[in-house]
Structure formats: C-alpha cells, structure tokens
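*Asks:* Residues per chain, in single letters:
Number of protein chains: 2
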Amino acid sequence: MIASLKLAALGLLLCVCSGLQHNLVLEDEEDQPVVQASKSGSLWPLPQKVLISQVPFKLIGSSFRFVDAKDSSAGASCSLLQDAYRRYYEYMFGSSKRQGQARSRKPGRSELTELQVRITSPDSDCDGYPGITSDESYELSVDQPFAILKAPTVWGALHGLETFSQLLYEDEYGAKSINSTAISDFPRFAHRGILLDSSRHFLPVKVILANLETMAMNKFNVFHWHIVDDPSFPYLSRTFPQLSQKGAYHPYTHVYTPADVKMVIEFARLRGIRVVPEFDTPGHTQSWGKGQADLLTPCYSGSEPSGAFGPVNPILNTTYDFMKQFFAEISSVFPDAYVHLGGDEVDFSCWKSNPDITKFMAQQGFGQDYSKLESFYIQKLLDIVASTKKGYMIWQEVFDNGVKLGPDTVVHVWIGSGSNEEMSKVTSAGYQTILSAPWYLDYISYAQDWQKYYKAEPLNFNGTQKQYQEEMANITSSGYQTLLSTPWYLNRISYGQDWMVAYKADPQDFKGTEAQKKLVIGGEACLWGEYVDATNLTPRLWPRASAVAERLWSAKNVTDINDAFNRLSMHRCRMVERGIPAEPLFSSYCRHEYRGI
Amino acid sequence: MIASLKLAALGLLLCVCSGLQHNLVLEDEEDQPVVQASKSGSLWPLPQKVLISQVPFKLIGSSFRFVDAKDSSAGASCSLLQDAYRRYYEYMFGSSKRQGQARSRKPGRSELTELQVRITSPDSDCDGYPGITSDESYELSVDQPFAILKAPTVWGALHGLETFSQLLYEDEYGAKSINSTAISDFPRFAHRGILLDSSRHFLPVKVILANLETMAMNKFNVFHWHIVDDPSFPYLSRTFPQLSQKGAYHPYTHVYTPADVKMVIEFARLRGIRVVPEFDTPGHTQSWGKGQADLLTPCYSGSEPSGAFGPVNPILNTTYDFMKQFFAEISSVFPDAYVHLGGDEVDFSCWKSNPDITKFMAQQGFGQDYSKLESFYIQKLLDIVASTKKGYMIWQEVFDNGVKLGPDTVVHVWIGSGSNEEMSKVTSAGYQTILSAPWYLDYISYAQDWQKYYKAEPLNFNGTQKQYQEEMANITSSGYQTLLSTPWYLNRISYGQDWMVAYKADPQDFKGTEAQKKLVIGGEACLWGEYVDATNLTPRLWPRASAVAERLWSAKNVTDINDAFNRLSMHRCRMVERGIPAEPLFSSYCRHEYRGI
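Chains L and G supply the protein sequences, listed in that same order. All residue numbers in the first sequence are consecutive under my numbering, ending with 597. All residue numbers in the second sequence are consecutive under my numbering, ending with 1597.
The hints are simulated quantities; they were obtained by calculation from the structure and are not laboratory data. Don't take each hint at face value.
[As the list claims (entries may be wrong)] Cross-link-like lysine-lysine pairs, in silico, DSSO-like; alpha carbons within 27 Å at most:
hint : chain 1 : residue 1 : chain 2 : residue 2
1    : G       : K1425     : L       : K206
2    : G       : K1176     : G       : K1206
3    : L       : K176      : G       : K1404
[To be verified] Label pairs and their calculated CB-CB ranges:
hint : chain 1 : residue 1 : chain 2 : residue 2 : range
4    : L       : D560      : G       : Q1451     : 34 to 42 Å
5    : L       : A555      : G       : D1563     : 52 to 60 Å
6    : L       : K452      : G       : Q1451     : 23 to 31 Å
7    : G       : N1562     : L       : A447      : 41 to 49 Å
8    : G       : K1262     : L       : A447      : 56 to 64 Å
9    : L       : D560      : G       : S1494     : 38 to 46 Å
10   : L       : K206      : G       : R1086     : 23 to 31 Å
11   : L       : Y443      : G       : N1562     : 20 to 28 Å
12   : G       : P1305     : L       : K39       : 29 to 37 Å
13   : G       : K1352     : L       : A456      : 55 to 63 Å
14   : G       : L1209     : L       : F146      : 46 to 54 Å
15   : G       : N1562     : L       : E329      : 39 to 47 Å
16   : G       : K1352     : L       : A447      : 49 to 57 Å
17   : L       : A456      : G       : S1445     : 19 to 27 Å
Every value quoted in this text rests on a predicted model; they were computed, and no experiment measured them. Backbone N, C-alpha and C define an ideal beta-carbon position, used for all residues, glycine too.
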C-alpha cells in the first residue's frame, strides 16, 4: 500500500476522466489541449489555498459519517446542514443502501470515517438567507483521525462540503480515496451569479432546480431570475393574477405559482444561493400590458392610436399606484435584500408618437430629451422600491442617464463595447457594480469558448484618481504631513443616504483605482432565453458558466489555461456523473457517460 | 359544426404552437419572424403535392385503426408495417389505453375511423433493406369513408404514415382532427443522410436510436455512421477484437458489440433508414494502431523512430492482408450496398520522415508526390472492398488525387470553399456525388443558423458541357440530323465497369448541366463529434438538421423562409411532444414542453 502512494496520488487525478488499461488520445488537432493530471486534482473553482499531500485514506460508504462537531453552533436541528450531508453522501457514494453488517466492522488504519463540521460563529445563519455580506469562507483539513470542516456560517460549510466531495477519487482498484489535504478558502467576489430568462421561453421548475443544483457545484451564489419580459409574464401575482392569466404563454401550464416560487427560493437557500428577481421596466414590458389596462403607453400612428403599445406609461398616477402594490408583493415574496429593476433598452419611438406624452414633456420642461422622461419614471420607481426596504440593482443605462441612485445601488454593466470604461465610471461615482458584459453565454460560437469567458477579468479597468487623492499623494510623497477634509464638506448635500459616501472615504487611500476596485462586487453569467428552453439550456450553460465561476471565486492569478482545462474536464465529468448534462470541452470521454437523451 | 369549419381549419394550424385564450407575441426584435399559420399546416418536409381542404374529420383513439388493404402486397405478416402502426398510433393518441366500451360505439358522421394502407408492388420489400434505388413515393388521400395510403413499397408507406400523423391537429375543443387532404409525394434526392461521429465522443446506443427515430420524423434515409477515427475505436470486431479492446475509450463501457450494431441496423431498417458505416483510412486511424501492430506507419525523428505513428502503412503486405479480412467482416455485418471508405485529410509528414517509405517511393517512381502513395494505397483498398461486392463512398480528396474509381462510386463533397466547382468537376467526370459542405452542423453560431442550411441548394453549380455535347447542340440547332458515337468508342478502355459510362450516355442530352445534376444523388448533414456527446447532441442536431431534410426531400422551389419558419416551429414542437429535445428556433413555447432536463 505504502509503496504505491505516489502512483495512487497521481492515478486518482486521471481516473475521473480516463479509462482502464490504456492511455488517453484525446486530441486530433495539434494545438488542442490534452487532458492531464493537475496537481490540484479535479477541484473547481480552485480554492484560495490548497495543499494536497500524497497520503491517501480510504472512504467506505457504509462507515463514513458527516458529524456535527460538539462545539458547532449548528447541529442536528439545522436541517440545511443535514440536507447537505445527505446530498453529498449521495454524490460521494451513490444512493446504494448502507450494508447493515459493515457498521460493526472496525475501520482500517488508513480509513477516514468522519468529517466533523464545525460552525464557529455564534449565529450559524442556518435558518437565514444568504446575502451579499455573508461570510462564505471555510477551512478544510483532511487528516487522521478525522477530517475537519470549519466555517463561520453554514454558507461556508456548504462550499466546504462541495470541496470535500471534489477531493474524492477512485484509486486503481476502484476504492474511494481522499488524500490528506489542507484547504483555506473564501471567494474573491461576493456576488457570483447566473441569469436565467423564463420569459422568452418558459423554464419548467424542474429545469430551474437542476441548474440551482449545478450552481452549488460551482460555488455560484446568486440566481438572477429574469422572470418576465416582453414575450411572456409567467409570474403568478397574488395581487394582480390577471398579469399571468393574460400575459403568460399559457395561464396554467406556463406560470410560476406562489408555491413554485417558494420552492425555488428554499431550494436555492439550502444551497447557499440568493434569488434576486428582476422585474424589468419601463421597457421590456409588452406582456405586462395584456393583463393591466393603461399600464403601457398607447402608440400613435399620426393622430390616432395605432393599437400598439410602448413602454410603461410614465405620466399616469395609476402607473405608480400599480407599481406600489406590485412591488409591495414582490418585496414580501422574495426575501433577498435586492430586487433587480432592469431599466435597460427603453425605446423612445412610442413615447414620441403619443400626444399626451408630448404635452407632459413640455410641462416638465424636458425638451426633446426622452431620457429625462425615462429618468422621471425610474426615479419614482426607485423611491417606491426603497420604501419597501429593498435595495436595488439596475442595468447600466439607468446610471448612464444620470438618475439619482441610492448609495447602496448595484449597477449592472452589460454592454459589451466600452465595458471597462463603464466600470471605471460607475465605480468612480462610488457605486457598487457587477459585470456581465464578457459573459453573455447565450451568444455561442464554435469550439472552446469557455476559454474566452475564463480569460475575462472584472478588474481590468483603469481607475480614476479623484483630484484630492492626487493632491494627497503629492503632499505625502514630498514628506509633509497632511489632514483630509474634502470628502466631508457636509454642507454639500446630495440625494439619498450620502452619509455612506462620507463614511466610506478613506484618508489613506490615495489610489482611486484600489478604492474603485473594491466596489466591483462580482459578476453574472447571463443566459438569455431567445434560443434556449428545457431542451438545451443545461448543456449550453455548463460547463461554460463554470469558467465564470472560477474567475469570480478563485484568486486573480489563477489563470493557467492548461491547468484549467485539465481540472474543468474532470469537473464536467463529475457534473455528468451527478446527472447534469454538462457538455464536453473537447473530444474525450467520461467514465460514466450521461444517461438520458 | 359546419359553421366553424373555417375557424377549425385555421385554428388547428396554430394550435400546436399556440396556447389558449391569448395571442402570440413571440418576437422582441422587429426583424424576427412571427409564428403564423401556414396553409400547409405543420407538414415537414413539405410534400411534393399537397391539397388540404377545410373539411375536418374527427379521430378517436378508441376506434381509429390502421388497416392493411385487402389487395396490399404486405399484410399482417409484415412486422415492419405493424410496428410502424403501433408507433404512429402512439404518436397520434399517446400511449393511453383504449377504452373497451368505446369499441362498440357507432362512429359519428364526421369521424375518420380507418387508414387503409396498400402496398402496390408485388414485392413490398417488407423484409428487405432500403437502398439507394428504393421507391420511396406514396399517395395519401384523407376522405370518407376512410383514408387511403398507397405506396409501391413499405419505404413509401413509412413516409406516408409520418405525413398522415403530421396532418393531425387538435381543434378548439381539444379533439383530434384531420382535414380532408390529398397528397402525392416523393423525394427530390435519393440519398438524405445524417453523419454521426462515435469516435471523438462515444454515443450510447440509446442516443443513436433516438436520433434514428427523429431522422424518420424528418424523412432522412441514410445514417452515415462515422464509427471510428483517431480518438477511439468503439467498433467491436469479431475478427480483430483487440482493435476495440485497445483502441476504444473503454473496452466494455465504450464499445458497440455485434448485438448493438445489429440492433442499430434493424431499428434503422424498420424506419426506412440505411446504415452506411465509415471506416476511414489511411488517415484518421490513430486508434486502429493500438490493437493492430504494424498497421500504422512509424514516424521518424532523424534516423530513429520517434515512437509516434502516422497513417496506415501502405508499403507492407500485412496491411492489405488485414484490410481484406477486416472489410470481409464489415461487408457481412453491414447489409447496405455501400461502405464509406473515408480517404480524407491524409497528413504526409510521417510518411516523409520514414526511410522505408522513402525507399518505396523511389522504387515506385513516385518522386516527391506523396498523393501518389496515397492513391497507391486507396487503389488497393478499393479493389479489396470491390471484391466484397460492396460499392463505396469516398471523401472528395480521393477523387481529387486522381484515384481510379469504379463507375458506381459516390464522391462525398465536404470542403467548404469551392464546393460548387467540386460538384461540377465530380459530375462532369461522370461520378455520383453527395453534398455536405454547407451542412457541417458541428459548426455553431448565434441565432437562426437553420436558415443558412435551408437556403443551401445542392444543384447551384455550373455544369460543364462535354465537347461532343456542344457539337450536337450546334448541329441540331442548325436543323441538321445527327448521329452520336463519341461516348461509345469501345476501343478506349478504362478501369472498372466502364460499360456503365457507355450505358448512361444519352444522345439527346446536349446540356452537360442536366446530365451532371442527375448525378447529384443527395446530401448529408454532418455532426462531427469534437464538441457533442450524449449531453448535447440531440438538441444541437434538431431542428437544425430538419432544414437540410426539407432541402433534400421537397421540390426545389420550396424556399419561402417565413412559411418554413412557421411549419418548422410546429414541427419542432411535435418532435418535443414525441420526447425528442429539439431546441427552439426563437422565443416562443410549445403546448407540451420537454419533460427532462
């Protein structure tokens, strides 16, 4: 046994993706990568610090246990953890029954029988919801007499369980093994999301759950649910049931009932995933108009209404009455602290055609600038949503149009061209931001486009020095002492909770860049729905989104594309083995191919 | 009932893809097509002649029957037909049990209770295999007292059953209905194929069968099984079992046993589909070398073997002994009259490095022209295969290199650039050809690429007049009588069965173009395996390949892209309803979405 340690340590890394008795010949084009063993095994995304030794332990399904450590703040009563133990046990050992006999068997010396899980914070957050400030860190030690997983909260513990399961491999005799390992891990970015669009095609709940499951395998923590849009309104609102009755593709078979939504949220919570719903207005609302009279702007053809409708009608009080009630419901249905309010791609042509809008523009002194009308609407909407105690995310146009935003607003950068400049602008204005521009996964192309997503870097923009910061840098570099007041001229007031801007200013931060980069809280891979539905969504998303997962979780210098290819090849086979039809990276095979069609 | 006929006739066409009680709003981009009713309903591919009236009949699962006509040459003993009845009954009515009570119910006046199926040729071909010369035509009349399907052979009957099932719709009350209809149909091209590649990724038999099933729904009739290639050799040969033992990704889980191959062939036969296996040599053979010593050329690095191997070694007698035995097996395992012998993309660098090859080149007087060595090999291989009484297909390079081909050879045109010129060259040399160049479905791109495949036209090349044909045209256009001898100078001999060339020459055919275009016998959609396996193959293939299906079956002037969009949208929902994860064309929905993930 001891003599074959080295071999075992290496063999295991190959074994997920290689077969028996023969070498791999995977490429038929010379410039293509070859699957090889990575020193980090099949870990994905790569932990911040990881040390895998060459000492293997055996794991046997009949005797292995997850155990709540005695001093853990979450124990048997924490159903989130108990549920996770069951899930990972099944991933690791399959769903085969424990053999009763084996329970009295004395474990062998090189056997690992226990993973102790210790939640270290007084509040484990077991019954809470994950949030943007949740601590997701964990430490994992695999050693004798037992492995230990320590995490301040259950959210870190979930990630640690995933990592633990990824350390498992089969040795050359098919025995489940794990090497002595030390890992210390935390995410680089707090917001790591996937956008799915259930309007252009309805996504059965089963499909959403399968993808939440897969998100957890990739340490994603935000499901951005672009739930309604022009083509259909599948959200069944208790307050306005006619929205889906009239606006869904079908009022029964193509809607999300309150029970469905609840199930999605709880399923996500159990996996450490936030559900941020998007109700995009004033554009992208054609489907809203079917069930809510007067909500949309009637378009005119000459002096007569054409019968078509444009964006939400921003000049009627009824619009805001509706939004108040609607978002009151949304804020109570969705527990997350954020709602995504959209605000992208507003087409002004219908507004321009409508004589009542024209009159209103004149009254307000907007001139011909319809972005002012858009801002007028959004401003009122933001106030409504703020009154529900929710924060909001918005697409970048809202920021670009100069709408006054609350200081905790998250600006979502999506436009491909100039996204670096946009990131720079948004953060120099002091707003938090998330990046999606390089990660529009609905756009497909031949071959290994995951590499393109992998190489995108959210912090590759130039920061903007504030003038006073440059001055501070000059003064101190000349050796003088200095005192700062610029960010604290409290006679200057601005909209919203400006105390936070004052609070965040750091007299020692002379480099705008660094301060700005702290405002980049993450990113999202977006899979818009024009060309995907239940038939093809899952293989189109995975493992392409996995590339984004590692970019957002792992350290900035984790950029070795060959090592990534090797680990990701094995990670995708693991997803397949867990029942997820994740598509192949290139010619090769998985020991257990996907069973389905 | 009568009053609502028109509505019913229209409603039905919408119903496959639309829901209840609301209009369709499918597009959010103005230049995108909208799903509308086509006057041809959901028929795909469009039959040659079709007349759908507005007179509907009801179909009731409990009383509807497929009946063999009394004067049919295939009756209850034809299990191919009986199997097809069962299959189409299930497609049409689901697998719900017949209700015993209903059997004694007297059918209503507007009810259609029977489709009579009459095979008109003395030989129905029920127990045969479909072939390139099979008659696939059929005539379908849907009327009272029963519908009639007439076809010379079972192959036409299968297509007719598919068409019949496509005429079914649900009226506004959900009742299954069919309109009085007259159809006369036959394929434009005899060879309508799909290439699947089971070497770059192993495709479980289940996946292959599901795609054969879907091919039948699209009237494809050739499964081109690119079964082995560089990465793996999953074909389990009885004669040389070591080929898959050593060359497959895994010797047990990633091979096709003789029983698997038999099952695939029979499953295909029952659906009117030929199975043409490809054993590509001398290149693309890395996996062959693992189980067959000395088959591949040892590459040299300087004066020493490098350990790597190149194409099949063409200078050893053992190579040809092997090929003789191997193709003897292949010719008995695969019943089709054709074998695809590959012959594409031979890399000369390894041959160039090998001193024995260099010596052989000199002995043969090949100079530095390695394509002569390639032809030397292929020529011998063709002789071997011809001796097994099989015809062969080859990739275009074999023709380009000037190899002498038997007159019944099918040249497979695949290289994208210059494919029109290639079609012209191949056919002016008198060879049959099939086209794949515009239909490499492994190449993907954003949005509706099916339109690109749909617009490709196999006969869009310029013909080459033979000199004597120009002369004939000149003479006759001047009003003189003439007599032809040029193609029949029998003192001029050439390799192979040149009597066929003589036989085919038509003294009345002055237009090289027309004669050439008759030599285009069809095309194939190719889904190479680098980036597809069981996880994503089916939705990637369908409905994109359906575009090719209509191009190869329907009349040349069926080119209305909007009508195609409408019919194809409904056809794809029908595939989904039959359990096939065919991906969406654009934002929209199916009444019954795919159930799976």
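*Asks:* Under the criterion that the straight-line Cα-Cα distance not exceed 27 Å, is the pair K1176 of chain G, K1206 of chain G satisfied?
*Replies:* Given that 27 Å is the threshold and the Cα spacing comes to 31 Å, the pair is violated.
*Asks:* Could you check the hint for me, namely that N1562 of chain G and A447 of chain L are 41 to 49 Å apart, CB to CB?
*Replies:* violated, 32 Å
*Asks:* So does A555 of chain L sit 52 to 60 Å from D1563 of chain G, Cβ to Cβ?
*Replies:* At 55 Å between Cβs, range holds.
*Asks:* Does the Cβ pair K1262 of chain G, A447 of chain L satisfy 56 to 64 Å?
*Replies:* violated, 36 Å
*Asks:* Determine whether the Cβ-Cβ distance between P1305 of chain G and K39 of chain L falls within the hinted range of 29 to 37 Å.
*Replies:* Between P1305 of chain G and K39 of chain L, where Cβ atoms are some 32 Å apart, the hint holds.
*Asks:* Please verify whether K176 of chain L and K1404 of chain G have alpha carbons no more than 27 Å apart.
*Replies:* With a Cα-Cα distance of about 58 Å, the restraint between K176 of chain L and K1404 of chain G is violated, given a limit of 27 Å.
*Asks:* Using the beta carbons of K206 of chain L and R1086 of chain G, state whether their distance is inside 23 to 31 Å or not.
*Replies:* holds, 29 Å
*Asks:* I want to verify a distance hint. Is the separation of the beta carbons of K1352 of chain G and A456 of chain L within 55 to 63 Å?
*Replies:* violated, 42 Å
*Asks:* Assuming the hint says 38 to 46 Å, is it satisfied by the Cβ distance from D560 of chain L to S1494 of chain G or not?
*Replies:* The hinted range 38 to 46 Å is violated for D560 of chain L and S1494 of chain G, with Cβ atoms some 59 Å apart.
*Asks:* For the hint 23 to 31 Å, verify it against the beta carbon of K452 of chain L and that of Q1451 of chain G.
*Replies:* holds, 26 Å
*Asks:* Return holds or violated for the Cβ distance of Y443 of chain L and N1562 of chain G against the range 20 to 28 Å.
*Replies:* holds, 25 Å
*Asks:* Hinted pair, alpha-carbon criterion (27 Å max): K1425 of chain G, K206 of chain L. Please report holds or violated.
*Replies:* Violated, because 54 Å separates the two Cα atoms, which is more than 27 Å.
In terms of the numbered hints stated before, the structure departs from hints 1, 2, 3, 7, 8, 9, 13, 16, listed from lowest to highest.
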